[in-house]
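Q: Next come the chains, spelled out residue by residue.
Number of protein chains: 2
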Amino acid sequence: MSQRRPCAVRRSRPSNVDEFELIQKYFVRPDESASVITGIGDDGAVLRPPMGKDLVTVVDTLVEGVHFPYAIKDFEAEPLGYRAVAVNLSDIAAMGAEPRWMTLALTLAAVDESWLSFFSHGLHKAAAEHGVALVGGDVTRGDSVVVTVQVSGHVDPGRAILRSGARIGDTIYVSGEVGDAAAGLRLQQNDPPHPGPHCYLIDRYWSPTARVGLGCALVGRASAAIDISDGLYGDLDKLLTASGVGADLYLDKIPTSIALKSSFDQEQQRSFALSGGDDYELCFTSSEQLPGEIAGVQVTAIGKVSKRPGIICYDDGKVVSYVDGGYRHFQ
Amino acid sequence: MSQRRPCAVRRSRPSNVDEFELIQKYFVRPDESASVITGIGDDGAVLRPPMGKDLVTVVDTLVEGVHFPYAIKDFEAEPLGYRAVAVNLSDIAAMGAEPRWMTLALTLAAVDESWLSFFSHGLHKAAAEHGVALVGGDVTRGDSVVVTVQVSGHVDPGRAILRSGARIGDTIYVSGEVGDAAAGLRLQQNDPPHPGPHCYLIDRYWSPTARVGLGCALVGRASAAIDISDGLYGDLDKLLTASGVGADLYLDKIPTSIALKSSFDQEQQRSFALSGGDDYELCFTSSEQLPGEIAGVQVTAIGKVSKRPGIICYDDGKVVSYVDGGYRHFQ
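Chains as they are written, first to last, in our numbering: chain A, 34 to 364; chain L, 34 to 364.
Simulated from the structure, these hints should not be mistaken for laboratory data. Treat the hints loosely; a few may be bogus.
If several chains are the same, the list does not tell them apart, and a pair holds so long as it fits within one copy or across any two.
In silico lysine-lysine, DSS-like type, Cα no more than 30 angstroms apart, as pairs [to be verified]:
1) K86 x K106
2) K337 x K271
3) K86 x K351
4) K340 x K58
5) K58 x K271
6) K106 x K158
7) K106 x K286
8) K271 x K106
9) K271 x K286
10) K86 x K340
For clarity, every value in this text was computed on a predicted model and none was experimentally measured.
Please construct the entire structure, taking both the sequences and the accompanying hints into account.
A: This is the structure we're talking about:
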């Protein structure tokens, strides 16, 4: 971890702890990975990848007031830390790679040690679940909290699963159930809260399950994959565009949870499932007839890759129109 | 590059361009590097490192209002982009590694295409100088501009130069001249500006020269190295602490520029040279008697590694006291 000199000193809350101590206290963990030659504490990390593998690198940023509410409470910093790692692990999973190392660039408005303790706990929890070592980073001051995590891993050479490999006639699959996270976010934002089985849905927003094991199991079986961050419809569209193909999408086959079904009407369920982001499930294509469960994760066939560009939606065999409302920044 | 759905939509300036177009327009460049199997546009980048090398990874964040002034003008975004890459290349240089790939996590308050055009030009310029490919990233909205760049490269296995290798009796060296950047920053902040040969000094703040060639040439010759970001005195102290040694530092040997000498009195020069940050020169130790120039960069002996912890300063052979004012975040 390194620090950089500022050109204007601003402070929001007093603290007697400097960044070196913060890093030591909250982010340095004994590292048992043989692949980490030098971790946190030098100008950079020195890593030893296994011979002959391809490297896969992903990066994602979560911004206060944009990706999570302003001034979240201390205990909410734990799922934030978890989520900051999980969204990256999801990208690694979509490439079929095994995650190994991560860095953290953390911008804070002020030092709040309780907040940091919760945050780092969530961060290390998500990393430990997949044997990922925190090998470096940067802690800086700023106007609001910005969390950038980068995760690197590896995959056999030439075997990474890209968005561009879908072929006409492939089946389109989705892992798990979709729509929960967007529904959970809606519930959390509602005041007074919406009645129903909400904790499950809200938890699905804050603590997404990165499908790392599934991603690795799909190497050689999936022709293309993408993780669902902006919504199933929009992310499938990106995969199809990258592959130069189109799709028939069977809306009635899209798997949704009992919690979602019991909390929202059918139109809302469909909107969350198709255009709600933050699912972090995998959408992928394969020429194979895959089983209903791979690496312990439910896998559902939801469509077919076709020649004609665009997505044609079917509901109970009939063509229906759907206008995607998936999210794009700056628009 | 990927994007994430926000939980609260805020906007500061209208724009008709979304993040996908921004990335295509300003950040995607034809990539001729054989080591980049898949670059920007998928869930992650796929990279092919040379067989049997160690990887070196560094990351640094620049925050608006902290590391550079608020609302910088469009033309100032070019040196900002340059600087965001250069400070990372400097860390890579301090490890003796060859930089190869980088990612960018860019948080913007609003889309200003002219600003982005200048910024990306500076970013690509610094990358191109050292053959570094931009392979991925994330563009998000936020309250202010936050730029996180991560650079990865490689070095022969076990040959990375660490901070911890300095041995008693080693000579302490510094590259180039120190103090200019901090002086340049002071000049830029002064209103009315300080008279004198200022452009050179201000430029040394905005466009630091990463000593990549020197760093590579020091592999096997330097016992320890650090790049000077927080000030020569404080950064040397970190190197010594990591090595479990102390130093005699000859203040009168520390190289400063003619521009610095002609603009500030001796006490100010010394303060900028010892405690001013942002130099991005290398401070390193070696058991060898090194020539005055390595890889085209001036190299000056400024001290000796000693057994007793701490730094003893000498001026013309006499012990003098020096109180370091180098920067630490949050204090």
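Q: Now look at each hint and say whether the structure bears it out.
A: Quick rundown of the hints versus the structure:
1. K86 x K106: For K86 and K106, the Cα distance exceeds 30 angstroms both inside one copy (42 angstroms) and across copies (44 angstroms).
2. K337 x K271: within (15 angstroms within a copy, 59 angstroms between copies)
3. K86 x K351: neither (46 angstroms within a copy, 56 angstroms between copies)
4. K340 x K58: between (55 angstroms within a copy, 28 angstroms between copies)
5. K58 x K271: For K58 and K271, the Cα distance is within 30 angstroms only across copies (18 angstroms; inside one copy 42 angstroms).
6. K106 x K158: Within one copy only: 19 angstroms inside, 42 angstroms across.
7. K106 x K286: neither (38 angstroms within a copy, 52 angstroms between copies)
8. K271 x K106: For K271 and K106, neither the intra-copy (35 angstroms) nor the inter-copy (35 angstroms) Cα distance is at most 30 angstroms.
9. K271 x K286: within (20 angstroms within a copy, 59 angstroms between copies)
10. K86 x K340: Neither way: K86 and K340 sit 34 angstroms apart in one copy and 44 angstroms across, limit 30 angstroms.
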